[in-house]
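Protein sequence lines correspond, in order, to chains P and F. Residue numbers for the first sequence follow our numbering, beginning at 1 and rising by one. Residue numbers for the second sequence follow our numbering, beginning at 60 and rising by one.
Heads up, a few of these hints could be off.
What the hints assert, rightly or not - If you want the footprint, here are the derived chain P segments under chain F, 3+ residues with CB under 8 Å:
| # | region |
| --- | --- |
| 1 | 4-15 |
| 2 | 23-33 |
| 3 | 39-49 |
Stated by the list, open to error - Interface residues of chain P toward chain F, partial, derived using beta-carbon atoms under 10 Å:
| # | residue |
| --- | --- |
| 4 | L20 |
| 5 | N36 |
| 6 | D52 |
| 7 | T53 |
| 8 | P54 |
| 9 | R55 |
No lab work stands behind these hints, which were simulated from the structure alone. Given the structure is predicted, the values throughout are model-derived calculations rather than measurements. Idealized CB from N, CA, C, for every residue including glycine.
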Amino acid sequence: MEIAHETLVALSKSWGLFYLVGFSLCVIVYACWPGNRQAFQRAKTSILDEDDTPRGPQA
Amino acid sequence: MVSQLTVSERQFALVILGLLAMCGLAMAAGGRGDPMGAQGFVVLIYAVGFAFVVMAGLYAPEPDDSRLSRYYDDPTKVGIVLTMIWAVIGMGFGVWVASLLAWPNLTFDAAWASFGRLRPVHTSGVIFGFGGNALIATSFHVLQRTSRARLADQFSPWFVLIGYNLFCVVAASGYLLGVTQSKEYAEPEWYADIWLVIVWVVYFLLYIRTLMRRQEPHIYVANWYYMAFILVVAVLHIVNNLAMPVSLSHAKSYSLFSGVQDAMTQWWYGHNAVAFFLTAGFLGMMYYYMPKRAGRPIFSYRLSIISFWGITFLYMWAGSHHLHYTALPHWVQTLGMTFSVMLLVPSWASAGNALATLNGAWHKVRDDATLRFMMVAAVFYGLSTFEGSFMAIRPVNSLSHYTDWTVGHVHAGALGWVAMITFGSIYALVPWMWKRQAMYSPKLVEVHFWLALAGTIVYVFAMWNSGIIQGLMWRTYNDGGTLAYSFIDSLVAMHPYYIARAFGGLLFLAGAIVGSINVWMTIRASRLEAAAGADADLPARPAGAVVAGE
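Okay, chain P solo, but in the shape it has when bound (with noise of 0.2 Å):
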């Protein structure tokens, strides 16, 4: 099939912009959900343990 120049410049100023729009609304509300902050809380400050050695069960 052969893509004619038109039709993608048709998608991409259509469904692409639709497409990156809708993107950042999801990271945005992922970012910002109130029910994660308290894992994402969690995540940058357990790096900073000093503990050195790995966790739980082993293989």
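Fit chain F to the known structure of chain P by using the hints.
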């Protein structure tokens, strides 16, 4: 190192090295009279060399299971040493090619020493040799710490590290022989490309398998960046290197793409190599080592997530800004330009997040050259991403394109950002890995910092001046409506800047050499201490037993 592998892992390593040696032999035999033959010998010698290393430790006793309750850091340690070796090689070749531009006679009339062959040794040496080894070494470290899990197995990290370095060695030796597929940053020919795909798939699987064993509920953001680096580089590498070899015994191949499609694919690859090799991976490094060293959590974790998705999403479309004013459709150029400008938002979000993390730790930045490396890296990241967005704007590009400004921009990123964050991370990591309080000499870290910063500034200013003068001379018309300067006039005007650039590069190289000595002396001090500990009045340990810190 070998004694830490189980006996079956050692045997498996020998089988793989044997297969690799046979591939090398087949290439050497089948490729007689073609550069492929010489490349085959490189593979053969490499495989046999490592087989000797494995055989030397083949009959060491089985390591005890207590190792499984520790992180597996041997590949990281070797990776750090390889990083420093490649830094000196890659930057050394950089100084050489910079000198070639200032004094062209330095080719000695030898084909292998011509600019066209040495330059990819420099670019691949610093990007893949230095940068790639640093990414692999630190990713294994960060992955384990942030997941609180040991690497999923002991064989594949070695396969990734040693296999990746084989790719680098085959690439660099091939360039000197004249082997290239003429795609910038993707010069290695088809056989090297296929090998890299195999190595990369093992790397990706190792990363995923270790993440699946994680003991932390959330995957720390540094791992997202490392994952983006691994995954996207695989996609880029495979697509851009789709090619048909002339025959199985010839090094030469022909790309599946041609004309403007080839150019578009190449710069989609090329710019995303900057994005996902030289940015995403090193941001992963920054998001772990900077908070660790500063003793402060990232300023905003949310912002790090938003900028992660911004960078991964927007970068994908920016490549076409390398092809302004070419046969590429105008709207594709505009698309690349627009996405490049939008990229400034997540880029500055990352740079700002890094600098805000240091708020409250500025006294540490002042006193600690290691943290200062990371701070300067964040500043240069901010500067060069701004410059990049600016240069991607079509009318600006009409001045900057094909000039040394581009070279200056690349080096603001490569020296100021990539190398600085790498050296900072290595200086943080080396004492942790070799169980030392600090580096062998904090003074030498300080010396390295100032050499690196001075070298970067001299280099970048030389190229900015040179580039803009060049661009202006190429577009200056006289009253008659013809060009005021010939190309050779602009070349003469460049000469002093080329000398300055070589000098800046030399300073940077000197810093890397000082850093390598410092890293080596730290490792040596650790070994001397371990040896001294062995003389103590303690019961004998079986040979090859684990030494604390190994």
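Take the region 39-49 of chain P, compare each residue's beta carbon with every beta carbon of chain F, and decide whether three or more fall closer than 8 Å. holds (count 10)
Are there three or more residues in the region 4-15 of chain P whose C-beta lies closer than 8 Å to some C-beta of chain F? Since 3 is at least three, the answer is holds.
Minimum Cβ distance from L20(P) to chain F below 10 Å? Holds. Min distance 8 Å.
Closer than 8 Å, Cβ to Cβ, for at least three residues: run that test on the region 23-33 of chain P against chain F and report holds or violated. Held - the region 23-33 of chain P has 7 residues with a Cβ nearer than 8 Å to chain F, which meets the minimum of three.
Was the hint right that P54(P) lines chain F, CB cutoff 10 Å? holds (5 Å)
Using Cβ atoms only, decide whether T53(P) comes closer than 10 Å to chain F, and label the hint accordingly. Hint on T53(P): holds, closest Cβ of chain F at ~6 Å, below 10 Å.
Interface restraint verdict for N36(P) against chain F (beta-carbon cut-off 10 Å): holds (8 Å)
Given D52(P) was flagged as interface, is its beta-carbon under 10 Å from a beta-carbon of chain F? holds (7 Å)
Status of the hint placing R55(P) at chain F (closest C-beta pair under 10 Å): holds (4 Å)
Of the hints listed earlier, there is not a single one the structure fails to meet.
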